[in-house]
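Listed in order, the protein sequences are those of chains A and B.
Using the numbering used here, the first residue of the first sequence is number 291, and each one after it goes up by one.
Using the numbering used here, the first residue of the second sequence is number 197, and each one after it goes up by one.
FYI, nobody ran anything at the bench for these hints, they're computed from the structure.
Beta carbons: idealized from backbone N, C-alpha and C, even for Gly.
Don't take every hint at face value.
[Claimed, not checked] FRET-style restraints, in silico, Cβ to Cβ:
#, chain 1, residue 1, chain 2, residue 2, range
1, B, Asp224, A, Ala635, 36 to 44 angstroms
2, B, Glu230, A, Glu540, 36 to 44 angstroms
3, A, Asp322, B, Ser444, 34 to 42 angstroms
4, B, Leu286, A, Asp322, 35 to 43 angstroms
5, A, Gln610, B, Lys284, 53 to 61 angstroms
6, B, Pro430, A, Glu597, 40 to 48 angstroms
7, A, Glu445, B, Ser444, 42 to 50 angstroms
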Amino acid sequence: MKIGILTSGGDCPGLNAVIRAIGKYIFLNMPDAEVYGISDGYTGLINGVYRRMKQEDFSGILNLGGTILGTIRQPFKMMTVEENGSTKLSRMVDNYKKFGFDCIFTLGGAGTHKTAALLYSEGCRVIGLPKTIDNDIFGTDVTFGFHSALDIATECIDRIHTTAASHGRTMFIEIMGNKVGWLTLGAGIAGGADMIILPEIPFTLEAVAKGLKKRLDAGKSFNIVAIAEGAVLKSEADMKKKDRSFARKERGEATVTNHLAQWVNETLGVETRVIVPGHIQRGGSPSAYDRLLSTRLGSYAAALCKEGRFGVTAAVRNGQITYNALPDIAGKTKFVSKNDQAIAAARSIGICFGDEE
Amino acid sequence: MRVHDMKYSVISISSSGVSSAVFLDNPDQLILRERQTMSVRNYIDDGKLSSRGIERLVELILEAKSRCYSVGVDLAWLIATDSLRSIKNLSRVRNEVKARTGMEINLIEAETEALCDAAANRSAREYDSPVIIDLGGSSIELFDFNGKEESVICLDFGLDDLTRKFVKRIYPTKKEADEIKNYLKKKLKAMDIPKAGKYKTAVLSGSITQSIYDVYCDYEDIPIVDKADKVMEPEGFRKLSKHLFDGSKRSMIVIKNAPDKLHTIGTAMVVLRTLLKRFQVSCVKVSDYGVKEGYMRLILEDSVSGESYRFSYDDNAQKDKDGEVSSDGQ
Chain A
291 MKIGILTSGG DCPGLNAVIR AIGKYIFLNM PDAEVYGISD GYTGLINGVY RRMKQEDFSG
351 ILNLGGTILG TIRQPFKMMT VEENGSTKLS RMVDNYKKFG FDCIFTLGGA GTHKTAALLY
411 SEGCRVIGLP KTIDNDIFGT DVTFGFHSAL DIATECIDRI HTTAASHGRT MFIEIMGNKV
471 GWLTLGAGIA GGADMIILPE IPFTLEAVAK GLKKRLDAGK SFNIVAIAEG AVLKSEADMK
531 KKDRSFARKE RGEATVTNHL AQWVNETLGV ETRVIVPGHI QRGGSPSAYD RLLSTRLGSY
591 AAALCKEGRF GVTAAVRNGQ ITYNALPDIA GKTKFVSKND QAIAAARSIG ICFGDEE
Chain B
197 MRVHDMKYSV ISISSSGVSS AVFLDNPDQL ILRERQTMSV RNYIDDGKLS SRGIERLVEL
257 ILEAKSRCYS VGVDLAWLIA TDSLRSIKNL SRVRNEVKAR TGMEINLIEA ETEALCDAAA
317 NRSAREYDSP VIIDLGGSSI ELFDFNGKEE SVICLDFGLD DLTRKFVKRI YPTKKEADEI
377 KNYLKKKLKA MDIPKAGKYK TAVLSGSITQ SIYDVYCDYE DIPIVDKADK VMEPEGFRKL
437 SKHLFDGSKR SMIVIKNAPD KLHTIGTAMV VLRTLLKRFQ VSCVKVSDYG VKEGYMRLIL
497 EDSVSGESYR FSYDDNAQKD KDGEVSSDGQ
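Kindly generate the complete structure, drawing on both the sequences and the hints.
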């Protein structure tokens, strides 16, 4: 059996731990199988770049961040665009067949899963694994990489407290998460933020000002605001994405954070600063939680391959590792529900979400 | 059994997921319609629904039930059409669903399914010589509105059966498509299904035809419209059919619009094309109404019976004037 492994999309902690679990399972339980690392995600499959992996390649990588296989982003919508008589999808399918793969593990986020569903629909045997720091993959309670990023983002917010208090400033920490607020919500609560602004709960400037002023009037000298990179103003919420992007570009920004910070500074007369931890949230060694989760997911996925179950993706449901059919989750996003218990808990202890007028 | 100002719901299990519809007082007053996908085929092992499949089914039913509760539904019926009829561990599935959700699965036979389609689409009588077509996983139903006597025609095989029998991969090849077509033609001939001339309007009911319509609209780059105006032009349908066999972007269009129908859309196109060619209809309409709406109507008319689930709302969960529940409940 020829088995390929690829990592696609943004990197995140835990990728190597999953690769390790898959590799070790196969060498132990499927000794006749050959394992191939596909370089740089789908780019490697498009161009036919893979290398045979030895058993020792899977040692010493459990606590390594990033991915030993490399990754390059390949947007889903470009997969069927014709170039020189072929498409990226057709080249991947041709290479899959030519090389004689029996299965490919695709470790990636939402976009990777959509492309995996495309490959599956063209007859390739694919098993997905849910990788993202955003935790937005539908059908799984948690993705690997999320908890490591949560630890990092929480520490950022923790550390900001002392400088905020010392200078009496209102600090805006912009947390990653694409269009969802899982990381911001978790880090905001864990880091003790006073206000949390999520993409799922459009905010108003007035409500933010009201919330911050309430603390200042109560004698607090500083505020900590955890704001998701995908946060939207209520006035922007109904705009089309490109109109919103255009409006922000006119202001010279990609996210709303700087605009908000400046407005608070001008309106409340308080010093504000914006902190963007950025790709630090993706980097470094995976946390213990993610190493454990990645090992469970990777070994489970390898067992699915041994069982002959393809066109599925590993998932976590109610604490158990299980699987979902790829077509059931491709293209869907797991947003934070406004009724999420964590939001209710946060509100109950006085954390504002920028929507209370 | 009619009680006014009640909210009713029908939750339906099909081969591609769990869908629900909530009505106020009668099926003409739809409040809510939702759908969660579950490619049942991916959870079948040796003819049985796997443990993971049962787990997923229960999850989706509980989600639908929770949604019903949040909008103040009074009575709900859980139905399953052809999706579960053929699975070997049906008893276990029914017992587990009952134990974990409190809801009994009402199994709908093919003929009843056709009657539900007809009940949901009574307005189709206004069309020129209509026939209702419902392509299910384990059966294909035709409801003949034409003539003095309305009649049900049920084929005892469906899209899942044809796919299993003829299709090796995901989409049928040209050869496999011809095999499906020939098999279907033989069956239609044996059952003396009418040919050209009897029907002028085909009314397509069911989720697979909804999906075909969504794919058709994307392919033809036309906006999806509401209700009565969903029409597929024969030429556009024919071109789409060809595209799904060998178009370079066929998977993209299916994954974008109907990923849960991945395994059956190819077969469905062959079947539909064969039927439409046989009937030579001049108009193809896609109905928004199907088994759920029809079942609701027949239940309220006392034409069919089924075990219902009654929601109870405790003192802390008050319904507001719109019947919405204002606090967390079950």
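| query | Should the hint that Glu445 (chain A) and Ser444 (chain B) are 42 to 50 angstroms apart at their CB atoms be regarded as holding? | reply | For Glu445 (chain A) and Ser444 (chain B) the Cβ distance comes to about 48 angstroms; the hint holds.
| Does the Cβ pair Glu230 (chain B), Glu540 (chain A) satisfy 36 to 44 angstroms? | 38 angstroms Cβ-Cβ, so the 36 to 44 angstroms window holds.
| Satisfaction of the hinted span 34 to 42 angstroms by the C-beta atoms belonging to Asp322 (chain A) and Ser444 (chain B) | For Ser444 (chain B) against Asp322 (chain A), whose Cβ atoms are near 36 angstroms apart, the range 34 to 42 angstroms holds.
| message | Within 36 to 44 angstroms: is that where the Cβ-Cβ distance between Asp224 (chain B) and Ala635 (chain A) falls? | response | Between Asp224 (chain B) and Ala635 (chain A), where Cβ atoms are some 42 angstroms apart, the hint holds.
| message | If I claimed the Cβ atoms of Pro430 (chain B) and Glu597 (chain A) lie 40 to 48 angstroms apart, would that claim hold in this structure? | response | 45 angstroms, holds
| Is it true that Gln610 (chain A) and Lys284 (chain B) lie within 53 to 61 angstroms of each other by Cβ? | Hint violated: Cβ distance 24 angstroms, outside 53 to 61 angstroms.
| query | How does the Cβ-Cβ distance of Leu286 (chain B) and Asp322 (chain A) compare with 35 to 43 angstroms: does it lie in that range? | reply | 38 angstroms, holds
When each numbered hint is compared with the structure, a violation occurs for hint 5 only.
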